[in-house]
Amino acid sequence: MINGVTLGAVYALIAIGYTMVYGIIGMINFAHGEIYMIGAFIAVISFAVLGVVGITWVPLALLIVLIVSMLLTGLYGWTVERIAYRPLRGSFRLAPLISAIGMSIFLQNYVQIAQGARIKPLQPMVRGGIELMKGETFTVTLSYLQIIIIVVTVLLMAGFSWLIAATPLGRAQRACEQDRIMAALLGVNTDRTISLTFVLGAMLAAVAGLMTTLYYGVVDFYIGFLAGLKAFTAAVLGGIGSLPGAMLGGMLIGLIEAFWAAYFSSEYKDVAAFSILVIVLIFRPTGLLGRPEVEKV
Amino acid sequence: MTFAQRLRDAGLAALVAAVLALPLLGFETIDTGGPLGIRARFHWIAYAAVSVFIGRLALLAFFDWWRLRQGRPEPLQSNAPARKDILTRIGSQADKYLMPALIAFAIALPMMPFADRTVVDLATVVLIYVMLGWGLNIVVGLAGLLDLGYVAFYAVGAYTYALLSLNFGFGFWEALPLAGLFAATFGIILGFPVLRLRGDYLAIVTLGFGEIIRVVLLNWTDVTRGSNGITGIQRPSFFGFPFTSSPEDGQTAFHELFGLEYSSIHRIIFLYYVILVLALITNLFTMRIRKLPIGRAWEALREDEIACKALGINPTNTKLTAFAIGAMFGGFAGSFFATRQGFISPESFSFIESAVILAIVVLGGMGSQAGIVLAAAFLTLLPELAREFSLFRMLAFGAAMVLIMIWRPQGLLAHREPTLRLSTQPSSSGGGKP
Amino acid sequence: MSAAKIPLLRVEHLTMRFGGLVAVNDVSFDAWPGEITAIIGPNGAGKTTVFNCIAGFYRPSVGRLTLTNGEQQFLLERMYGNDIAGKARVARTFQNIRLFPKMTVLENLIVAQHNKLMRASGYTLLGLFGWKGYRKAEAEAVDRARYWLDRTNLLSVADEQAGSLPYGGQRRLEIARAMCTEPVLLCLDEPAAGLNPRESAELNGLLRFIRDHHNCGVLLIEHDMSVVMQISDHIIVLDYGKKIADGSPEEIRNDPAVIRAYLGEPETSEAGAA
Numbered sequence: 000m001i002n003g004v005t006l007g008a009v010y011a012l013i014a015i016g017y018t019m020v021y022g023i024i025g026m027i028n029f030a031h032g033e034i035y036m037i038g039a040f041i042a043v044i045s046f047a048v049l050g051v052v053g054i055t056w057v058p059l060a061l062l063i064v065l066i067v068s069m070l071l072t073g074l075y076g077w078t079v080e081r082i083a084y085r086p087l088r089g090s091f092r093l094a095p096l097i098s099a100i101g102m103s104i105f106l107q108n109y110v111q112i113a114q115g116a117r118i119k120p121l122q123p124m125v126r127g128g129i130e131l132m133k134g135e136t137f138t139v140t141l142s143y144l145q146i147i148i149i150v151v152t153v154l155l156m157a158g159f160s161w162l163i164a165a166t167p168l169g170r171a172q173r174a175c176e177q178d179r180i181m182a183a184l185l186g187v188n189t190d191r192t193i194s195l196t197f198v199l200g201a202m203l204a205a206v207a208g209l210m211t212t213l214y215y216g217v218v219d220f221y222i223g224f225l226a227g228l229k230a231f232t233a234a235v236l237g238g239i240g241s242l243p244g245a246m247l248g249g250m251l252i253g254l255i256e257a258f259w260a261a262y263f264s265s266e267y268k269d270v271a272a273f274s275i276l277v278i279v280l281i282f283r284p285t286g287l288l289g290r291p292e293v294e295k296v
Numbered sequence: 000m001t002f003a004q005r006l007r008d009a010g011l012a013a014l015v016a017a018v019l020a021l022p023l024l025g026f027e028t029i030d031t032g033g034p035l036g037i038r039a040r041f042h043w044i045a046y047a048a049v050s051v052f053i054g055r056l057a058l059l060a061f062f063d064w065w066r067l068r069q070g071r072p073e074p075l076q077s078n079a080p081a082r083k084d085i086l087t088r089i090g091s092q093a094d095k096y097l098m099p100a101l102i103a104f105a106i107a108l109p110m111m112p113f114a115d116r117t118v119v120d121l122a123t124v125v126l127i128y129v130m131l132g133w134g135l136n137i138v139v140g141l142a143g144l145l146d147l148g149y150v151a152f153y154a155v156g157a158y159t160y161a162l163l164s165l166n167f168g169f170g171f172w173e174a175l176p177l178a179g180l181f182a183a184t185f186g187i188i189l190g191f192p193v194l195r196l197r198g199d200y201l202a203i204v205t206l207g208f209g210e211i212i213r214v215v216l217l218n219w220t221d222v223t224r225g226s227n228g229i230t231g232i233q234r235p236s237f238f239g240f241p242f243t244s245s246p247e248d249g250q251t252a253f254h255e256l257f258g259l260e261y262s263s264i265h266r267i268i269f270l271y272y273v274i275l276v277l278a279l280i281t282n283l284f285t286m287r288i289r290k291l292p293i294g295r296a297w298e299a300l301r302e303d304e305i306a307c308k309a310l311g312i313n314p315t316n317t318k319l320t321a322f323a324i325g326a327m328f329g330g331f332a333g334s335f336f337a338t339r340q341g342f343i344s345p346e347s348f349s350f351i352e353s354a355v356i357l358a359i360v361v362l363g364g365m366g367s368q369a370g371i372v373l374a375a376a377f378l379t380l381l382p383e384l385a386r387e388f389s390l391f392r393m394l395a396f397g398a399a400m401v402l403i404m405i406w407r408p409q410g411l412l413a414h415r416e417p418t419l420r421l422s423t424q425p426s427s428s429g430g431g432k433p
Numbered sequence: 000m001s002a003a004k005i006p007l008l009r010v011e012h013l014t015m016r017f018g019g020l021v022a023v024n025d026v027s028f029d030a031w032p033g034e035i036t037a038i039i040g041p042n043g044a045g046k047t048t049v050f051n052c053i054a055g056f057y058r059p060s061v062g063r064l065t066l067t068n069g070e071q072q073f074l075l076e077r078m079y080g081n082d083i084a085g086k087a088r089v090a091r092t093f094q095n096i097r098l099f100p101k102m103t104v105l106e107n108l109i110v111a112q113h114n115k116l117m118r119a120s121g122y123t124l125l126g127l128f129g130w131k132g133y134r135k136a137e138a139e140a141v142d143r144a145r146y147w148l149d150r151t152n153l154l155s156v157a158d159e160q161a162g163s164l165p166y167g168g169q170r171r172l173e174i175a176r177a178m179c180t181e182p183v184l185l186c187l188d189e190p191a192a193g194l195n196p197r198e199s200a201e202l203n204g205l206l207r208f209i210r211d212h213h214n215c216g217v218l219l220i221e222h223d224m225s226v227v228m229q230i231s232d233h234i235i236v237l238d239y240g241k242k243i244a245d246g247s248p249e250e251i252r253n254d255p256a257v258i259r260a261y262l263g264e265p266e267t268s269e270a271g272a273a
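Residue numbers (numbering that gives the first Met the number 0), protein chains in the order written: chain A, 0 to 296; chain B, 0 to 433; chain C, 0 to 273.
Only true hints are included.
Subject to a maximum C-alpha distance of 20 Å in a straight line, what follows is the list of computed SDA-like cross-link-like pairs (lysine to any residue):
hint, chain 1, residue 1, chain 2, residue 2
1, A, 268, B, 221
2, C, 101, A, 90
3, B, 290, B, 413
4, C, 101, A, 92
FYI, nobody ran anything at the bench for these hints, they're computed from the structure.
Let the hints inform the model, and build the full structure from the sequences given.
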């Protein structure tokens, strides 16, 4: 259960990136999973650098790494958008998708070349936990790390919802989502708004990357694909384009996976998540929290 | 743009590159057994920054030059359509000239002097992708359904043949139609619930389906032997005459039949022709079905589903046929793949394959049969040619996909040939009241 | 009036709710074969919603829609959109034109004859092998298309992309496409919107021709009063989802409720004097 929530928190953070980009320009940002992977790598490398420099007090190190990886990954997100998607704005639907797939392959191999294909281990930094329950045959523990992950996720999501709901940026973003041309005519700098959307999405993905790094203690260049896929599934499950939907979807996918792995078989946990998605989509074609679309004819 | 502006722009780009390079290129992680070690290699950052600087500068200069050239007043009397760029012109003529030329070349290829084993083998791989591209084109290019899990049907075809051959001793030719049928059935089973979804939802469900198939193949070890794959799949025979140096009793080997010296290349060439024929059947089928009501309905659905409904077209059934037929060709290609390799494992059917096939369709120019051939050749040959730089080949592959898309978002040879023209239709009784 | 005949389309107690909003409220009317019936009303009166219910794009909350075509009767509220078009033979056009823009004009008209051609091609199987019967059916389809292209002045652009036609041409093509389905009831959603006076006059001619020569009932939503008053045989006026008047153009012109709906509440309470 707690594992599921932790996993779900990570998926939810990545899913927000997908859902925002989809909401604003209607494209599936396939490279987003790789952005998350890059975030994880930057986190690992930053930890290592801090270790060399001698900053070992855990909270400080965590904070520095968090900021560094968010900034740098955000910059990666910006660059990807600038190079691979902006020139294709306004062309037909599949062009940016292919470009995104190409970008995803490129980033994966870029990291592989730059850092090697080997799995990067990280020493556990946050140890210990609280025992919640003690049964006869099992104990339920909640590790500090899990607490951190869940708390950070909740804080970020709250902050993020506020950002979208109450700031000029959020307003510009929602305007672009509704009608990009009209927003531009009304003086919203749509290019910048879209760029910022990518940056924000990348930053959240970086946090997710950092947290999985801490949680699992390993990174490799291939983690982006599957995580991206799951997160995208989560976004669709929740109703793509909807922020609370992405959060809910992420949590659900995380829970489903954890439960499935615990009670049935861990081999088929990916299948379980997708099957649930298909079933949900059949009964609610726009996802759990998606706005039902009335066909306007 | 002045030179100073260009310089500033390029400098900015270089700065961004340097910052981006800082963590991933600037430091190298090393395994020390214990905690992760780190080594700085800042000169890499410098390389990255400098190359981006020069690249950006060159690009800007090129853009300005290009704009200057484009902006030059055109000579009077120039008729505008003639200024279409060369690829568009090739695209509009592709069906008439390019395709026959390509087919002729393909037929003649094994007889060319340079055609050794490697070349024919490579050409076979290209043709597999051409066939997959043409198959997927029915789904994506004609019907406009975004299918990100096409490889699933390829896998179904391959495993159908492999298992039939292994467990029931089916030969390639007997199993081929079954593999297609089975893949089409899968297409219908998948398509029935999900084809009502709008475009992008369909994409994710097909993507998920592709992954499910792969995971099942990987884990259902009793039947599929999991990640070990299936070996010893029966090789195809020349209509009952096997390609072996020493046939079993009562059998005639291919080389004996024609009185040739035994050579292993016979089979390779034979396989090449098999896939060529299969691919050409796919092509012929597509060209024909475009001119039938179902093909036109696919294209109409791609354009406007609501209008189709208002004309009495059943969207779900129409999409389902496109999906099933696309899947069928995927299945054919899959069983050919199995018989050619003699060995299959779930690894051959990962998402990246689906992505490459989709990229072939889109890069080629949606709906352009010749464009798909070019894109398939390009995307399969590029990694092969770059084999020496094995480390960088996938990097280049990804970059090339992005660059081509930016260069020609509509695809290499985008062109749609009308399925019928009024001017070529015989005029009957003269337009009386129908 | 044609009271002895059976109406082509009988709408009874049609009500459509979207959540709490009642877009159409208990509307009943008849449309007769060989007549042009116009539905008019201010913006937001629920005209297009009525259309969408008839054409099967919405399922009405309450009400019965009966289409009678000779011996056959169809209850439209129980049918899917594509069956309404295919089996009950109700064709429609759209307020914001919906053509197949990348296909040629001729192809648009051939797609409209899909169901017929599907049968002729043996559901694709026979057609794939170039069966003769299919070729004949296709030639007939082309003839029908040519006939309507001729009627709509589009013969010269038959092989152009539909999306490249000027606006008026696209409007006419949409009507031609609807007619190629050989409908018994043609529903036109603001066909004159955006047309210049000359094109609008041509449209009147075309609609009269359809009514007189093809025994096809026409149901029309229109804002352009010059079109409505000139060609309609029968007008229904909606306001706030309710029917407020029903009658010949002459009656409608003098109906106090209609004048009120269009011109607003007059200051004096005795509005009927007009």
